[in-house]
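2 protein chains.
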Amino acid sequence: MMARVLFRPEGKTVEVATGTPLSDAIVQAGSGLNLPCGGQGRCGRCRVVVESGPVERRGSSRLSPLELEQGYALACQTTVQGDLQVFIPPQEAILRHLPSEKAAGEVPTLPVECDWRSSPIVQQFFLTIEPPSLSDNTTDFERLKRELAKQYGVKDVVVSLPMMRRVARTLRQSEAQLSKAWEVTAVLEMGTWEDEDAPPRLIDLRPGDHTARTLAIAVDIGTTSNVVYLIDLASGQFVDSAAAYSAQISCGEDVIARILYARKEGGLEHLQRLVVGTINELLQELAKRNGIDLSEVYAATVAGNTTMIHLFLALDPGYIRLEPYIPTVTFPLPVRAAELGIHICPEASVDCLPGVGAYVGGDITAGVLSSGMFKTDKLTLFIDVGTNGEIVLGNSDWLISCACSAGPAFEGAGVRSGMRATVGAIEEVWISAGTYEPTYHVIGDVPPRGICGSGMISLLAEMFITGVMDKSGHLNRALNTPRIRVGEHGPEYVVAWAAETSSRDEDIVLTEVDISNLIRAKGAIYAGFSVLTNSVGIDLADVEEVLIGGGFGKYIDIEKAIQIGLMPDMPWERFRYLGNTSVLGAFTALLCRDMRREVTEIARKMTYLELSADNRFMEQFTSALFLPHTDTAAFPSVMRLLARRGQEPS
Amino acid sequence: MMARVLFRPEGKTVEVATGTPLSDAIVQAGSGLNLPCGGQGRCGRCRVVVESGPVERRGSSRLSPLELEQGYALACQTTVQGDLQVFIPPQEAILRHLPSEKAAGEVPTLPVECDWRSSPIVQQFFLTIEPPSLSDNTTDFERLKRELAKQYGVKDVVVSLPMMRRVARTLRQSEAQLSKAWEVTAVLEMGTWEDEDAPPRLIDLRPGDHTARTLAIAVDIGTTSNVVYLIDLASGQFVDSAAAYSAQISCGEDVIARILYARKEGGLEHLQRLVVGTINELLQELAKRNGIDLSEVYAATVAGNTTMIHLFLALDPGYIRLEPYIPTVTFPLPVRAAELGIHICPEASVDCLPGVGAYVGGDITAGVLSSGMFKTDKLTLFIDVGTNGEIVLGNSDWLISCACSAGPAFEGAGVRSGMRATVGAIEEVWISAGTYEPTYHVIGDVPPRGICGSGMISLLAEMFITGVMDKSGHLNRALNTPRIRVGEHGPEYVVAWAAETSSRDEDIVLTEVDISNLIRAKGAIYAGFSVLTNSVGIDLADVEEVLIGGGFGKYIDIEKAIQIGLMPDMPWERFRYLGNTSVLGAFTALLCRDMRREVTEIARKMTYLELSADNRFMEQFTSALFLPHTDTAAFPSVMRLLARRGQEPS
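Protein chains in written order, with the numbering used here: chain A, 355 to 1004; chain B, 355 to 1004.
Hints in this document: simulated from the structure, not taken from any laboratory. Be a bit skeptical, because a hint or two may be false.
Repeated chains share a single entry, so a pair holds when one copy, or any two copies, can fit it.
[What the hints assert, rightly or not] Using 25 Å as the maximum straight-line C-alpha spacing, the simulated SDA-like pairs for lysine to any residue come out as follows:
#, residue 1, residue 2
1, K509, E548
2, K534, M355
3, K509, G545
4, K729, R858
5, K366, T524
6, K732, V900
7, K504, L532
8, K504, E548
9, K366, F441
10, K618, Y599
11, K618, P688
12, K504, K959
13, K534, G631
14, K509, K959
15, K509, M544
16, K732, R858
17, K618, R519
18, K534, A588
19, K618, L694
20, K509, D549
21, K509, A552
22, K732, E467
Because the structure is a prediction, the values reported are computed rather than measured.
Extracted from the complex, chain A is given alone in its bound form (with noise of 0.2 Å):
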C-alpha cells in the first residue's frame, strides 16, 4: 500500500509505501533532516510534527507528554501508516556552510620548519620537443620520456592507460605556432607516500607552459567540518580555504552513529558520497573565487579520523566498533582522484595521512606534526577536543595517545539547549554571584537560540562557582531565585527567558541531565590525562606544555575549564591553543616530503593505550564525576577560588 506524505514548510509530497519511517520519507523529499544518532531514537533531534493521518511510533523516549500531546514525533522511529501531513519545525534544518569570514581570513603558514623546496611532492617540466621523422620515428610516449630525461634527468616515468590515451593528441596539440616544435608541460608526481623510489609518474600534460603554479589541496575530514586548503606547492604558499559542515551530519552526528549508519544497504556508499560530495562543493567555492580550473589540483593530502577515512575510502568500518576495534587500515593506500570521485586532476594522488588505531587517527598524527611536540624535549600533553577527545603525552623521544569516548555534549548533542558554534549560540556566560542571574554573550550579537561548548563550559564553571550547583552537579533548589526551577525534564537552569530567545516561545536552559552528559564528559578526558600520565610514571602536574587542537579548543577560556576540572590545574601560560591542527598537518605534508616521512614516523612510534580495556580508567573516570576533582589536591587554584567566595566544597 502506498501513501501520500506532504511535507510542510516546504510543500513537497512524496509517494512511500506503507511502513517507511518517517525519516526515510524526508529524505526521499530531499529536505534536510538531522539524524544525529544515525536513526537509532536516542538523540531526539529529528522531531517533526504530525499534523493529521495516521503513524506509528516505535519509542518515543526523547519526548515529553506536552510534546507528545502537541503531536511531536521523532521521525527515526516513526512509520507511515496512510497519507500524512507533517511539519518539519525549521530549527532541525541541516546548517551546511560555515560562516566563511572565519575560514578566509586567516592565511596559514607552516607551522613547522623544513625545507619544502628540497622535492616537492608534484613538479612541473615545460618541454619543447621535436616531432618525430622517418628517420627519428621513435613513439610518442618514448619520445617524451626522453626529452625529460635529457632536459631534466628525470627517468623511467611510467603513466597510466587513461593518461596514456591523451599522449598522442596533446603533443600535437602542443605544436608551436613558428618553430613547428611540440611545446607542453609535463606534471609529475615524484614518487609516493608509499614508495618514495617509485619511478616518477606523468599525472597531467597540457600544451604550453603551465610552470608558474602548482596547485595542491590539504583537506581536514572532521566528524562535523570539512576544510579545503588550497596551496601552491611551487612557491609553497597557501592560497585559500573552505570549510563547512559535513554533509554526512544528517546521517549520524558522532563516529558510531555514523557506523550504524553504514551498515544500512547501501549506507556506506552513501556516507562516501557525502563526504566527497562537501570536498567538490569546497572545491567549487575555491575554483570560483580564485579563477582556477581543478583539474590543475595534482596532489591531495587528507587529515581525518580513523572512521572518518574508512568512511571517505569506503573501507568497512563495522569492525571500528566492535570489540576488539580493529580498522581495515591505518596507513596510507595509493588512491587517486578519480577512484573517489574528487573533482580535481583524475590522476592526483590523495593520500590519509597515517592513523595509530580505530581511535587515534591521521587528524591526531597530523596534530602532533603540526604542534611540532615530536621535536620538543618539553613534555607535552597534546589534546584534540572534538567530537571525540584524544590525548597524546610525550615529545622528540616518546609518544602516547589515548581516546576517551567523551561524547559529543561539548559539540550540543545530548544537551537539550545544545547547538553548534554558529550565529546564535551563546559562547560564554557570567552568573552574577548574589542574584544567580546570568549575563552572556551570544556568537553573531543576535538573540540566542542554544548554547555551544564554549558556552557550556563557561556556564558550568560559573554555576559550579558562584554555587548555583554543587560538586556532584545537582542544583541547589534552596536558592532564592526563579532561574532554578522543577521543569519537565526535572531541574534545570534557565540561562535565557523564552521573550529573549530568537524563538521566542522556549526557556533556554540547562537541565540536570544535561549537567551529568557534560560532567561525564569532562570527566572522560580528564580520567584520559591521568591514565596516559600514570601510565609512563609521571605526574601531571610535570607537563610543561599543554597544546590544545581541533576547532573546539580554539574557544575555550582555560580558567573555566579548569574550574570544572575539564583540563589539569596548571600556569595558564603552559596552555596554548593551536587552531584546526588536522588540517594543518595535512598541510604540512603535502608541502613537504621531510614531514611526511615525520608524519609516517610518528604514527609508528606512537603507542596506543586502549582504554576500554582500562580498568585504571574506570577508577579515574569516576573521580572525575565531580566537579573539579575528587582528587581536590589536584586543584589548587580552584579550591582557593571557592574559598575566597566562601564555597568551600563539602
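Assemble the complex: chain A is given as a structure, and chain B must be docked to it using the hints.
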C-alpha cells in the same frame, strides 16, 4: 524526417533519420554486416539488395552494371531516403567462431626452454592467522602483511583501494570452524613487467586454501582472429584454448580500415568493446568447458600488432597510419583487467608484449621469442604472413625487421572469389597440363564457396606452371579451354562451375584483376626479403633457416609458394612451420619471467627498417611483380621445372 527500414530475411525493422547510411541502419538492427574496408566503399563486401524504396548512392564502383540492375547497393555508400525494404544476402553474414576442433585439438608446450618455476609472476599463499584481540589490535591489513612476512618472507605488500575494501570482511569470513583462526589464500602479483622489483601486490584474497592451481591467460589479438590459451602457472601446464574471428571484422578487414573506423565519433571505443567482447566470449567458453570461475584468472599476457594493441587499449591509432607512422607506445604499460573490461580477476595485470614500431608489433616479438631465433647461431628468416607480412632476419647477435603492406589478398579480401580458410574454401588446386581442367580440395569436403589463401597460392602456381597464365599474370586466351574466358570483370579462369558450388548460381573464378592483386602481395613480401638481406649485405640464399609463423603459414605448400616467387627458392628442409607464434610467445612470456625479460630485450635490440621510405623497396617490388621473379637466377628449381615442362618463360 524518420524512415522505416525492413531487413530481410531476418524481418527486423528499424527507424532511422533520412540521410542515415544504410550500413548504420544495419548495425542498429543488430544484423551482422562485413565492412572490411571500414566503410570506405573500396572493398565492395557490404553488398545488399534494395528491394523497394528510395535511396541515394554515393558510389558503386565495386558493382557491375548487372548487379546495379539487380538492385545491389553498397550499404556503406548508400543513404536511406525513405521507407525501405532491404535484403541482406546470406553470404555476407559474419563468421564468428573458428572451428573449435582446430584449436582444442592442440596441446602446446613451451616452445623455448626456460626455468618457469623459479619465480612465477603470480603466486598464491595460504595463511593461518590468529584473529585480533585487545592485546594484539593491529589493523587487518597490517596483520595480513605481518603474516605474509612471517610465514613466507613476503614483505612490503601493496594493495589497491577496491581490493582493500574486501579485506576486513574476507578475513572474518575465513574463520575456521574449530580453531577460530582465519584461513585465507592471498594472491600476490610478484613485480610488474615494467618494474620487476615493484612491491608484491595483493590482487585477491579468498577464504580457504586455493593454492592448488593459479590460472592465467595468454591472448593473441590478431587482426582477423583472436585466440585465448588458459594456463596454470602453478604447474606450468596448458589447460585449454579457444579461438574466434574478431568481432572487429565488421568494422574493417585490415588495420588501415580499422584506423579509419576509429576516427569516427565513438569509433575507437566501439572497436575496443568489440575486441574485449570477443575475448570475453572465449573466456566464457573456456570457463564453461573447464568448470572454472573466471575471477580466479590472475594474469594475462597479450600479443598483437601495434594497431590492434592500440585498439585493445583504446589508444588513438590515427598517427600509425600517417607519415612518419608514430604509435603512442610500444612497450607495455601497467593495465588492470577491470580497466579494460576483461572478465577475469579485476586486479589481474594485463601485459601487452612489447613491439618495435608502427608495423612490427608484439605479435612479431612474440614470434621471435617463441621461434627461438633469438638464441640461435644460424642466420634465420622469420616471416609472419597475416593481414600484413612482417619479416625478421637475424640470430642471437642481431635482429632486423620490416613490414610489407602485402594487403589482405591472401586472406581473401580484394579477390573476387576469395574467402577465409574455413569450411567451403578451396585450399588446394591441381591443373591438368593437357586439358587445363582443375581438380581441387575443399575444407570440410563440401561444395566450394570460394578460395582461401593456400588455395590461391596453389592455383596461381598451377596456372603458371601449366601455362594457363604467363609470368606477368596474363591469361593465355589462345588455349583451347572453356575455363579461360572474358567475364563481366575482364579475363578470368573458372575454377568451379556454378553447378559444383554451394550457391549453385555463380562460377568460382580467378580474374586477371585478382591475379594482379595476388602478384602484388607476393611481390611485396619477396621484396621485403630482398631489402632486408641486402641491407645487411647478405645474400638471400645464405639464409640457413626460414621460420613461418602466423595462422596463414600453417597451411601453405612451400613448393607452390616457391613456384610463384612468394618464398625464396631454397631446399625445403630449411623451411619450418611454427603455427600461431603470436599466442605461443604470449604463453611463454606469461609463464616465465626470464622470457619476459628476453622479449623486452628482443623488442629493444631489433632494428626496424621503414620500407615506405626506402627506394630499394620500390625497385625490388617492381622486380618481383613477375612469376616467379625478374631475376630468374634466384629461382633455379622453378626454372628447371618450367624447362622440363617446356614452359620457358619468355
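| query | With identical chains treated as interchangeable, where does the CA-CA distance between K366 and F441 reach 25 Å or less: within a copy, between copies, both, or neither? | reply | within (11 Å within a copy, 55 Å between copies)
| request: At 25 Å max between alpha carbons, let me know whether K534 reaches A588 within a copy, between copies, both or neither. | output: neither (29 Å within a copy, 53 Å between copies)
| Between K732 and V900, at a C-alpha cutoff of 25 Å, which is it: within one copy, between copies, both, or neither? | within (10 Å within a copy, 80 Å between copies)
| said: When Cα atoms must be at most 25 Å apart, do K732 and R858 count as within-copy, between-copy, both, or neither? | reply: neither (51 Å within a copy, 101 Å between copies)
| task | Can you give me the call for K509 and M544, within, between, both or neither, at a CA distance of at most 25 Å? | result | both (11 Å within a copy, 23 Å between copies)
| field | K534 and G631: within-copy, between-copy, both or neither at 25 Å Cα | value | This pair counts as neither: shortest intra-copy Cα distance 43 Å, inter-copy 41 Å.
| task | Evaluate K732 and E467 at a C-alpha cut-off of 25 Å and name the case that applies: within, between, both or neither. | result | within (18 Å within a copy, 66 Å between copies)
| task | Give the relationship of K504 and L532 under a CA distance limit of 25 Å: within one copy only, between copies only, both, or neither. | result | This pair counts as within: shortest intra-copy Cα distance 23 Å, inter-copy 62 Å.
| query | Are the CA atoms of K509 and D549 at most 25 Å apart within a copy, between copies, both, or neither? | reply | both (16 Å within a copy, 13 Å between copies)
| query | Between copies, within a copy, both or neither: which fits K618 and P688 at Cα up to 25 Å? | reply | neither (27 Å within a copy, 36 Å between copies)
| query | Which holds for K504 with K959 at a C-alpha limit of 25 Å: within a copy, between copies, both or neither? | reply | So K504 and K959 pass the 25 Å test across copies only (21 Å; inside, 41 Å).
| Alpha-carbon proximity context of K504 and E548, limit 25 Å | Classified as between: cross-chain Cα gap 21 Å, same-chain 28 Å, threshold 25 Å.
The structure fails to meet hints 2, 4, 5, 11, 13, 16, 18 from the earlier list, while all remaining hints are met.
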